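Undergrad: Each chain is listed here by its residues.
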Amino acid sequence: DGGITQSPKYLFRKEGQNVTLSCEQNLNHDAMYWYRQDPGQGLRLIYYSQIVNDFQKGDIAEGYSVSREKKESFPLTVTSAQKNPTAFYLCASSAGLAGAGQNEQFFGPGTRLTVL
Amino acid sequence: AQSVTQLDSQVPVFEEAPVELRCNYSSSVSVYLFWYVQYPNQGLQLLLKYLSGSTLVKGINGFEAEFNKSQTSFHLRKPSVHISDTAEYFCAVIRMDSSYKLIFGSGTRLLVRP
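Protein sequences appear in the order of chains A and B.
Anchor point for the first sequence: position 116 equals 627 in this note's numbering, and the numbering is continuous, going up by one each time.
Anchor point for the second sequence: position 65 equals 348 in this note's numbering, and the numbering is continuous, going up by one each time.
Think of the hints as simulated: they come from the structure by calculation, not from any bench.
Fair warning: this is a prediction, and the values are worked out from it, not measured in the lab.
Among the hints, erroneous ones may be present.
Straight-line C-alpha distance at most 25 Å; calculated PhoX-like pairs for lysine-lysine [stated by the list, open to error]:
(1) 384/B to 568/A
(2) 520/A to 594/A
(3) 581/A to 525/A
(4) 581/A to 594/A
(5) 341/B to 384/B
(6) 352/B to 582/A
(7) 341/B to 581/A
(8) 384/B to 332/B
(9) 352/B to 384/B
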């Protein structure tokens, strides 16, 4: 089955620790995205990547870092610099960035991060 | 700047009743419009999208939406809801000159009661 997997489903972190969230896709998509979701709010874009070895900051990139060494993988690191990291994190991918809105973004199941 | 407004944070409705979830947007350029559904602790699934053509768009699970350019709205409707429709619904837009960045509304929780 083609799709997007995120692991782990639940993650607990102590303050001051970095933590990495995994995102893998087997859809052969070029573009990948990370979003953050907080209660009562929509999704906000953290980082996106159009191709391997290239990525761009989204609206709320501070305190986060990413890498794109392989087409199918786009891990997100939540660093200790992120002041309020407790949230639900969603990874998405699409065939490309362009396409007049026709490149549907497919979402993974999400990782819920809680800082203790 | 673009923004998407979903005025209703929660909409309770009885099973088999019709429902409308409201979405208004503002943008200095033309946009494409989307509705996504999110079931508890899951990712988002595309319900329907408007790119061009007929302003009435039909999606999955019996949902439809109508694009109204003059009112800058894209309301989602279903004539008869089921318990399984209980979920969070998000309206989103993409600027036509920046076709990757989804801008989301804050979501509407649809609660279907028996």
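Undergrad: Taking only the CA atoms, is the gap from residue 352/B to residue 582/A under or equal to 25 Å?
TA: Violated, at roughly 38 Å.
Undergrad: Would you mind confirming whether the straight-line C-alpha gap from residue 341/B to residue 581/A stays at or under 25 Å?
TA: 37 Å, violated
Undergrad: Is residue 520/A close enough to residue 594/A, meaning Cα to Cα at most 25 Å?
TA: 21 Å, holds
Undergrad: Residue 341/B and residue 384/B were given as a pair; does the straight-line alpha-carbon distance stay at or below 25 Å?
TA: 23 Å, holds
Undergrad: Mind checking the alpha carbons of residue 581/A and residue 594/A for me, to see if they're no more than 25 Å apart?
TA: Violated. Residue 581/A to residue 594/A sits at ~29 Å, over the 25 Å cutoff.
Undergrad: Straight-line Cα separation of residue 352/B and residue 384/B no greater than 25 Å?
TA: 21 Å, holds
Undergrad: Holds or violated: are the alpha carbons of residue 384/B and residue 568/A at most 25 Å from each other?
TA: Holds, because 12 Å separates the two Cα atoms, which is no more than 25 Å.
Undergrad: Verify the proposed pairing of residue 384/B with residue 332/B, using a straight-line Cα cut of 25 Å.
TA: This hinted pair holds, its Cα atoms lying about 15 Å apart.
Undergrad: Need the status of pair residue 581/A, residue 525/A: alpha-carbon distance at most 25 Å?
TA: This hinted pair is violated, its Cα atoms lying about 29 Å apart.
In terms of the numbered hints stated before, the structure departs from hints 3, 4, 6, 7, listed from lowest to highest.
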